[in-house]
Amino acid sequence: MKTPLSWLKDFVDLEGINLEELAHTLTVAGLEVEEIHYIGLPMPSGLQQTKVSGLSWDPEKLVVAEIRDVGPHPNADRLVLCRLYDGQQEHTVLTGAPNLFEYRGQGELKPPLKVAYAKEGAEIYDGHQDGMHKTVLKRTKIRGVDSYSMVCSAKELGISEEHEGIIFLPADTKAGTPLADVLGDAVLTIAITPNIARDANIYGVAREISALTGRKLKPMPTAVKAAGPSIKGKVRIDIQDKELNPRFVLGLIKDVEIKPSPAWVQQRLRLAGMRPINNIVDATNYAMLELGEPLHAFDYDVLVQRAGGKAPTIITRPAKQGETITTLDGVERKLDDFTVLVCDTAGSLSIGGIMGGLESEVTENTRNVLLEGASWNFINVRKTLVAQRMSSEAAYRFSRGVHPAMAPRGVSRGLELMRQWAGGVVNEGLVDKYPKPAKDLQIEISSADARRWLGVALTNKQIGDILKKLGFTIATQGKSLLVTVPDHRMDIETGVVGKADLMEEVARIYGYDNIPATRLADPLPPQHGNPPLELEERVKDLLARMGIQEVMTYRLTSPEEEARRLPPGTPPDDKPYVKLANVISQERTVLRKSLLASVLEIAERNARQRQRIALFEVGPVFHSSEETLPDELQRLVVVLGGQQQPAGWQAGDAAAYDFYAAKGVVAELLAGLGLHGLKYEPGAHPSFHPGKCARVVVGERQLAVFGELHPQVHSQYDLGSHTLQAITLNLDVLGELVPERFDSRPVPQYPPVIEDLALVVDESLPAGQVEAMIAQTGGNLLAGVALFDVFRGDKIGAGKKSLAYQLTYQHPERTLTDDEVAKLRDRIVRRITQELGAQLRA
Amino acid sequence: MENLQAIREQALAALNAVQDEVALEQWKVAQLGRNAALTQAMKNLGQLSAEERPLAGKQANEVKLALEAAFEEKRAALEGARLRASLSSEKLDVTLPGRSLALGRLHPITQTLRRINAIFAQMGFQVYRSRDVETDEYNFLLLNFPPNHPAREMQDSFYVEGGAPDNPTLLRTHTSAGQIHAMREYAAKDPKNPPPIRIVLPGMCYRFEQVSARSEVQFTQVEGLAVGENITFGDLKGTLTDFAQRFFNANVRTRFRASHFPFTEPSAEMDVECFVCGGAGCSVCKHSGWLEILGSGMVHPNVLRNGGYDPEKYSGFAFGMGPERLTMLRYRIEDIRYFWRNDMRFLEQF
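Protein chains in written order, with the working numbering: chain A, 16 to 857; chain B, 209 to 558.
Hints were generated in silico from the structure; no laboratory data involved. One or more hints might be untrue.
Claimed, not checked - Keeping only pairs whose Cα atoms sit at most 27 Å apart, straight-line, the calculated DSSO-like set for lysine-lysine is:
hint, chain 1, residue 1, chain 2, residue 2
1, A, Lys17, A, Lys149
2, A, Lys24, A, Lys448
3, A, Lys494, B, Lys494
4, A, Lys249, A, Lys231
5, A, Lys451, A, Lys476
6, B, Lys521, A, Lys149
7, B, Lys521, A, Lys66
8, A, Lys249, A, Lys274
9, A, Lys189, A, Lys240
10, A, Lys240, A, Lys335
11, A, Lys448, A, Lys247
12, B, Lys494, A, Lys476
13, A, Lys17, B, Lys494
14, A, Lys231, A, Lys269
15, A, Lys678, A, Lys816
Stated by the list, open to error - Stretches of chain B that chain A covers, calculated by requiring three or more beta carbons in the stretch to come under 8 Å of a beta carbon on chain A:
hint, segment
16, 259-271
17, 303-310
18, 327-334
19, 442-452
20, 510-522
Each residue gets a CB set at the ideal place from its N, CA and C atoms; glycine is no exception.
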């Protein structure tokens with residue numbers, strides 16, 4: 016909402032106010048000033064609490080000048096030469112402004128035209144470049160004529176983006192006056208949040224400034240000088256749905272003369288972001304910007320004609336489903352049954368509160384104007400806007416709620432402005448249909464509420480005084496205040512919500528800064544932690560300790576992207592995707608089903624510049640479910656490839672991540688969580704190499720699958736030479752397995768006996784089986800079995816392998832004798848040779 | 209007697225000339241060995257008279273001890289010199305790079321989330337997580353966003369196919385959706401007299417927005433909620449100021465501005481004094497001296513009621529902040545897309 020300073024001054028005295036401080040005061044009170052745009056006034060330097068834009072006009076270089084005559088350019092038809100007086104001397108100024116052409120060749124202009132004149136070196140906006148770019152006026156030659164100064168358009172001065180002609184100044188301004196003294200202004204752009212819809216107008220902002228600064232607010236301008244006969248009998252109103260259209264008001268002005276509005280009106284409209292059209296349309300817009308009530312002007316004679324020469328009847332009704340209307344923007348619109356139409360007996364005229372139709376609009380031939388101000392259900396306006404994909408300044412306000420009390424005020428204001436700018440006679444009175452009057456809302460509050468909600472000790476009087484400044488009416492009722500809501504507000508409710516609404520007003524005006532900061536004194540709730548989160552954090556820490564980098568990826572993806580994690584031709588699984596109904600990009604059409612696909616995408620991105628890939632992510636995957644909402648399942652994925660340690664300048668440590676490195680990560684992760692002795696078995700998963708895939712199963716449930724990426728999957732990613740290992744783990748299952756605690760073991764006080772045992776076994780015998788049998792046979796006295804070498808070769812024989820173990824024998828309470836160790840070893844060797852066909856290697 | 213003194217002086221003079229450990233060993237054999245003059249002199253003590261013997265024996269012993277001490281001193285000196293010489297020949301180029309180790313790091317957003325969670329944990333706020341995919345009811349309706357309400361315009365949503373027409377399924381636009389879940393879960397424990405709540409709700413949120421350096425389709429958020437019988441706007445200010453001073457620095461000033469969120473009233477935005485320039489104005493704070501950090505407010509009575517808490521009896525505050533924004537400010541990151549792009553050259557910096 017663009018709020019010119021000069022306009023605010025009509026309603027609140029801003030003499031001597033610091034604009035930056037004012038902007039800050041508004042901002043902290045909830046009317047966020049997004050920008051101060053300077054129109055020639057001096058701009059602040061240094062710290063800018065509010066963003067600023069615009070120009071400060073040099074009083075020497077930007078002045079009022081008078082154009083004394085307009086002559087042709089010797090070499091160009093589309094340019095004119097002006098003889099111009101700047102208060103000191105005459106200049107010849109060249110311009111292409113189309114609105115000067117009509118004066119060409121008229122000789123001495125009486126009176127002269129008053130214009131904004133920029134001299135050499137003046138800083139202005141470039142009128143010929145798209146967008147707003149500052150430039151400094153330089154001396155040049157245009158078509159053989161010396162040019163060092165110019166007469167300015169609204170765009171060049173930063174008033175608006177219009178550059179279709181120069182702007183004219185009031186006739187009584189004096190040549191030579193610094194331009195800033197005549198046109199200087201500033202525009203505050205205020206963000207209007209839904210709770211301050213009442214402030215989407217100049218008077219509303221002035222009211223807030225008055226409440227916040229203590230400066231007096233002038234009364235709302237609603238007086239109208241009506242010299243004509245009564246409006247009675249000239250028009251009737253028929254409201255068919257009072258829920259959608261609670262009030263409808265009409266006023267009539269006769270014998271207006273359509274022409275441009277006064278220069279100062281055009282200036283204000285431009286500053287507020289609207290284009291001047293003519294005095295009647297401008298009056299409706301001006302009144303709307305000033306008071307917040309959108310108005311609509313009809314050509315009264317057209318309506319009379321449509322009514323067959325009789326007094327017209329204005330009917331408001333919901334449209335029939337599929338009914339059409341052509342709006343002012345030339346679009347034929349098909350309407351829904353909730354759209355409210357303003358009609359007469361001959362047909363529809365406009366979409367209520369949103370946009371007029373073409374037929375009954377004010378034209379340059381209009382003499383008599385029927386002016387509408389109404390109240391519409393704002394939710395319904397909103398629905399209509401969405402359905403019709405429309406917007407307008409009127410709809411902006413009606414869709415946020417305008418109180419029905421504003422309708423007659425707006426109409427009166429509009430009529431008065433038309434009378435002033437277009438002449439004519441206002442008919443006395445208004446036709447006012449108000450089938451659903453708004454109720455006066457009352458709320459009881461007291462100092463106890465301020466203590467409870469805000470934590471601040473305010474007396475009833477202090478609370479009452481604050482609310483009065485905003486227009487609330489206050490009465491005392493016992494120990495409380497009975498607060499009546501003013502009839503320009505629709506954001507205040509009753510009961511406990513109303514109390515909260517009022518507390519917001521009290522806090523805002525009292526000042527958030529003045530409310531003391533305190534620490535919570537309320538009892539602490541029972542503390543119970545968040546075990547799933549804590550487990551995730553432990554998992555992340557353990558993996559990071561193993562040198563693996565955490566990533567966080569998009570949870571929105573596409574089925575095509577995820578398909579890369581499977582070899583081509585893999586049959587689809589039975590879990591449908593969670594699909595988006597509204598898609599912003601073809602890369603993000605579904606919620607991911609695979610965390611592996613997410614991490615592989617990141618591996619691919621980094622593989623181009625990294626020799627080492629070690630990434631993990633913890634996060635959800637989404638599966639459609641029978642329930643309303645999909646299942647969100649927590650998963651862990653680790654992807655490893657390239658060197659286990661980053662390459663340095665020294666040789667060594669160049670070992671690459673292979674299957675066993677991945678298995679080591681799984682084992683260390685589980686051990687770190689207190690899980691030992693879990694069973695690993697060959698796994699099968701389409702993303703993995705069938706011979707290099709394992710899984711960890713606990714009971715019926717699969718905890719993890721890991722292994723080398725299937726070569727056909729690998730080839731679908733741009734991974735360079737890296738062979739990738741991946742681990743996928745189900746965190747929900749993990750959460751059920753991780754013990755809360757475990758018993759530690761004492762550190763042995765007696766020396767262990769350590770022996771090596773090398774065995775030759777069939778190649779096909781899994782090493783895990785050998786180790787399990789050694790451990791089982793060794794019993795309590797065998798404290799450790801560690802494989803330290805696997806060997807194949809001629810000495811061993813084809814189809815055989817040698818497994819070398821280091822065995823640690825340990826008794827907790829004494830030193831083992833050689834004899835005891837020998838017996839134990841013999842028992843182990845006997846069992847594995849007999850049961851597994853192993854041979855002891857010499 | 210003079211003889212012993214001569215032996216001593218001559219031996220010490222010889223020791224003085226010793227330069228290395230071989231010569232030192234030779235000196236030891238010559239001066240303290242079997243054939244040494246001193247050894248001979250001591251052997252000859254027996255030939256002296258009973259009166260002379262004790263004194264001469266004592267003197268001879270003194271000379272022996274003195275020579276042994278001198279030997280020991282010389283040996284230590286030579287050994288020290290040898291060690292120094294050897295160490296100086298083993299000098300390394302300490303400017304060569306250290307051996308690279310693979311340090312695993314947590315994603316910067318995880319680090320920020322942990323920091324936020326830890327600070328609030330110390331104030332008694334526990335972590336409550338809820339789902340990414342929500343219903344319109346939880347994401348909007350129960351948070352006081354009626355259908356077609358203007359406030360809904362501020363949050364463009366991703367909808368999921370197949371939701372109910374009157375209660376569509378969507379990706380949560382804010383973690384506030386979890387507020388109602390949490391309140392209802394707590395209230396269910398004792399519906400007549402629900403327990404107080406102090407939680408933070410971290411999680412991923414989604415908005416239907418074009419991706420740019422400033423905005424993403426997904427972003428993390430941390431919501432906070434405190435509900436009790438005695439919680440005020442003053443507590444909101446105090447708690448969030450404590451947070452800011454712990455998250456940024458102990459002296460940072462905060463500022464609260466009136467704002468609007470449908471689910472809180474009064475609502476406030478909290479700014480902190482720019483920690484880059486100390487409030488003097490710089491490019492980070494766009495020359496305003498302040499940085500916008502979070503939105504907050506007193507829980508709206510309708511929201512309390514929807515959560516099972518009687519607004520006549522209970523009050524509370526809620527707040528929400530964006531870990532990406534906090535991280536970007538703290539490390540002066542210019543582009544929000546870095547976070548989910550996961551380039552190692554970015555991640556390795558944290």
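Here's how the hints hold up against the structure:
1. Note on Lys17/A and Lys149/A: the hinted pairing holds, with a Cα-Cα distance of about 21 Å set against a maximum of 27 Å.
2. As the CA atoms of Lys24/A and Lys448/A are separated by approximately 34 Å, the hinted pair breaks the 27 Å bound.
3. For a cut-off of 27 Å, the pair hint linking Lys494/A to Lys494/B is broken: about 49 Å separates their Cα positions.
4. With a CA separation close to 40 Å, the supplied pair Lys249/A and Lys231/A exceeds the 27 Å bound.
5. As the CA atoms of Lys451/A and Lys476/A are separated by approximately 34 Å, the hinted pair breaks the 27 Å bound.
6. Simply put, Lys521/B and Lys149/A have alpha-carbon atoms about 58 Å apart, too far for the 27 Å limit, and the pair is violated.
7. Proximity of Lys521/B to Lys66/A is assessed by CA-CA distance (about 42 Å); at most 27 Å being required, the pair is judged violated.
8. Restraint check for Lys249/A and Lys274/A: satisfied, since their Cα atoms lie roughly 25 Å apart, inside the 27 Å limit.
9. Pair hint Lys189/A plus Lys240/A does not hold up; C-alpha atoms about 32 Å apart against a cutoff of 27 Å.
10. For the proposed pair Lys240/A and Lys335/A, the alpha carbon gap of about 40 Å is over 27 Å, so the pair is violated.
11. For a cut-off of 27 Å, the pair hint linking Lys448/A to Lys247/A stands: about 13 Å separates their Cα positions.
12. A hinted pair counts as satisfied when its Cα atoms are at most 27 Å apart, and Lys494/B with Lys476/A does not qualify at roughly 41 Å.
13. Restraint check for Lys17/A and Lys494/B: satisfied, since their Cα atoms lie roughly 22 Å apart, inside the 27 Å limit.
14. Note on Lys231/A and Lys269/A: the hinted pairing is violated, with a Cα-Cα distance of about 36 Å set against a maximum of 27 Å.
15. Between Lys678/A and Lys816/A the CA atoms are separated by roughly 21 Å; this keeps the pair inside 27 Å, and the hint holds.
16. For the segment 259-271 of chain B, the stated coverage by chain A is not satisfied: 0 residues place a CB nearer than 8 Å to a CB of that chain, which falls below the threshold of 3.
17. For the segment 303-310 of chain B, the proposed coverage by chain A is satisfied: 6 residues have a C-beta within less than 8 Å of a C-beta in that chain, meeting the threshold of three.
18. Interface restraint, the segment 327-334 of chain B with chain A: holds (3 residues with C-beta to C-beta distance below 8 Å; minimum three).
19. With a cut-off of 8 Å between beta carbons, the segment 442-452 of chain B has 7 residues touching chain A; three or more are needed, and the interface restraint holds.
20. A stretch counts as covered by a chain when three or more of its residues have a beta carbon under 8 Å from one of that chain; for the segment 510-522 of chain B and chain A the count is 3, and the coverage holds.
Comparing the model with each earlier hint shows violations of hints 2, 3, 4, 5, 6, 7, 9, 10, 12, 14, 16; every other hint is respected.
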